[in-house]
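*Asks:* The chain contents come next:
Protein chains: 2
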Amino acid sequence: MKIGVFDSGIGGITVLTALRKALPHAEYIYLGDTANVPYGTKSAAQVVKLSLACAQYLKDRKVDHVVVACNTASSLALNEIRQALHPIPVDGVVEPGIQAVLAESAQTRLPVLILATRATVRSQAYGNGLRMLLDAQLQPVFEQACPLLVPLIEEGWTDHPVLHQTIAEYVRPYRDQFSQGIALLGCTHYPWIQKAVESALPGWKVVNSAQAVAQTVVGALKKELAESAEKGRSVEWVFTDPDALPASVRELMEISHE
Amino acid sequence: MKIGVFDSGIGGITVLTALRKALPHAEYIYLGDTANVPYGTKSAAQVVKLSLACAQYLKDRKVDHVVVACNTASSLALNEIRQALHPIPVDGVVEPGIQAVLAESAQTRLPVLILATRATVRSQAYGNGLRMLLDAQLQPVFEQACPLLVPLIEEGWTDHPVLHQTIAEYVRPYRDQFSQGIALLGCTHYPWIQKAVESALPGWKVVNSAQAVAQTVVGALKKELAESAEKGRSVEWVFTDPDALPASVRELMEISHE
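Line by line, the protein sequences are chains A and B. Following this note's numbering, the numbering of the first sequence begins with 62 at its first residue and continues without gaps. Following this note's numbering, the numbering of the second sequence begins with 62 at its first residue and continues without gaps.
Hints listed in this document are in silico derivations from the structure and should not be mistaken for laboratory results. Keep in mind that the hints are not guaranteed to be accurate.
You can't tell identical chains apart in this list, so a pair holds if it fits in one copy or across any two.
Claimed, not checked - Cross-link-like lysine to any residue pairs, in silico, SDA-like; alpha carbons within 20 Å at most:
no., residue 1, residue 2
1, K110, D302
2, K266, L171
3, K123, P150
4, K63, G280
5, K256, Q272
6, K110, D304
7, K110, T301
Values in this document were obtained by computation on a predicted structure and should not be read as measured data.
Could you build the full structure based on these sequences and the hints that come with them?
*Replies:* Right under this line is the structure:
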């Protein structure tokens, strides 16, 4: 059982980590498209083109299952990827994220806030999905683009006053209006700053979709894995521009093994 | 007289603005490689490849002169671009920036601080160039990567407390050690936050290389332009991913006309 995981860069490592915890016996290829990072500031047409190239690489490597561990690609290119890879099953991160919000919000009618990149917000993938499933009259759904958070995380400022101030700025309108709510980390980088988001939104529940993605994949693969006697192997790491990796990436790759 | 100006994105507009002021009668093509922005976090090999594609586009458009209005491309790919475009003259931004620092530092022996992207700093183009020309024993040269400044400028936070705090963080070691010095804005985005850098470095002279680049090009073209009776025309704007432009770009394009 070989699972291909791809992201525009290194953010998808948070999803890979959750997958390895849930499915330790699978074999993984992690593809980070670092030559083209970030996707979050590109147009939809570019994101589709780049995502299809990543998907094709994983298909050529004969993976059994693909996880699009990038919110931007999941928001803008999931249909195209599924068509191109058919019959290989493909999971994105948006649908599990929406399910995770629904699980938290059952009967509470708390406001929902999606924090994501500019391209994901522009796609309205989360907003439209949630508004179809919730009673939007009673339970408002907001989407906030946070384009500075990925650069701050990649700079390693994950507990820096500038990070805290930036998050405070992005969430202030919602925090001022609502003392409780559900905030979804709609970018695979954001689990690395989950604590900072939690402290900026006291009284709110912060949902990390990486775990939700892992549960979705486990559900899809349960049967195959029960029949598999393979031992867990290490991850194969592939980057389209390996020389451009931030210094912190080795550490993140090691964390994914824990 | 047709001048081609290219940058990874919109930062080169600061150079274009200075060029139009100095050479109002030339015709311009501005090429922003927004499909691949930012160059500053990519490897040298990727930057060379992308820069050559931009240069080739301008060559095909029959420009008479090319200005590489991107510090990362000037630092990592200028030789390759000059070879590919020969005999079309090519100016980068690094050499004029170094000349501007030398003009300021004549006989002062003040410390020099280059603020730039991660890729420009990694290339050491400014540091090596300056250390050859200065007595590095007496006049220290520092290079500081500031990867958060471009995202902050593109978010429009050009006078925001988070911007001021981020700049303060980057320059603190130098400001604490030296009460005077010369800081070069080694990225074409940074002229938009020149005032913020000046207030973070009281007592320091902040040098904007966009003007220096314009003077270099004027020097090279003086003769041709004196003979030209053409009237100034508007700029032709070309972006490789036009749908991904930040909302602020229209305003910046208009500013370049003033």
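*Asks:* Against this structure, judge whether each hint is valid.
*Replies:* Status of each hint after checking the structure:
1. For the homomeric pair K110 and D302, the shortest alpha-carbon distances inside one copy (17 Å) and between copies (12 Å) are both at most 20 Å.
2. Taking the closest pair of Cα atoms, K266 and L171 come within 20 Å of each other only inside a single copy of the chain (10 Å); across copies the shortest separation is 53 Å, beyond that limit.
3. In this assembly of identical chains, K123 and P150 lie within 20 Å of each other by CA distance solely inside one copy; the values are 12 Å within and 49 Å between copies.
4. Taking the closest pair of Cα atoms, K63 and G280 come within 20 Å of each other only inside a single copy of the chain (16 Å); across copies the shortest separation is 61 Å, beyond that limit.
5. Proximity of K256 and Q272 under a CA criterion of 20 Å is satisfied intra-copy only: 16 Å inside one chain copy versus 44 Å between copies.
6. When the C-alpha separation of K110 and D304 is checked against a cutoff of 20 Å, the pair qualifies only between copies, where the shortest distance is 14 Å, while the shortest distance within a copy is 23 Å.
7. Taking the closest pair of Cα atoms, K110 and T301 come within 20 Å of each other both inside a single copy (15 Å) and across two copies (14 Å).
Hint violations for this structure: none, all hints satisfied.
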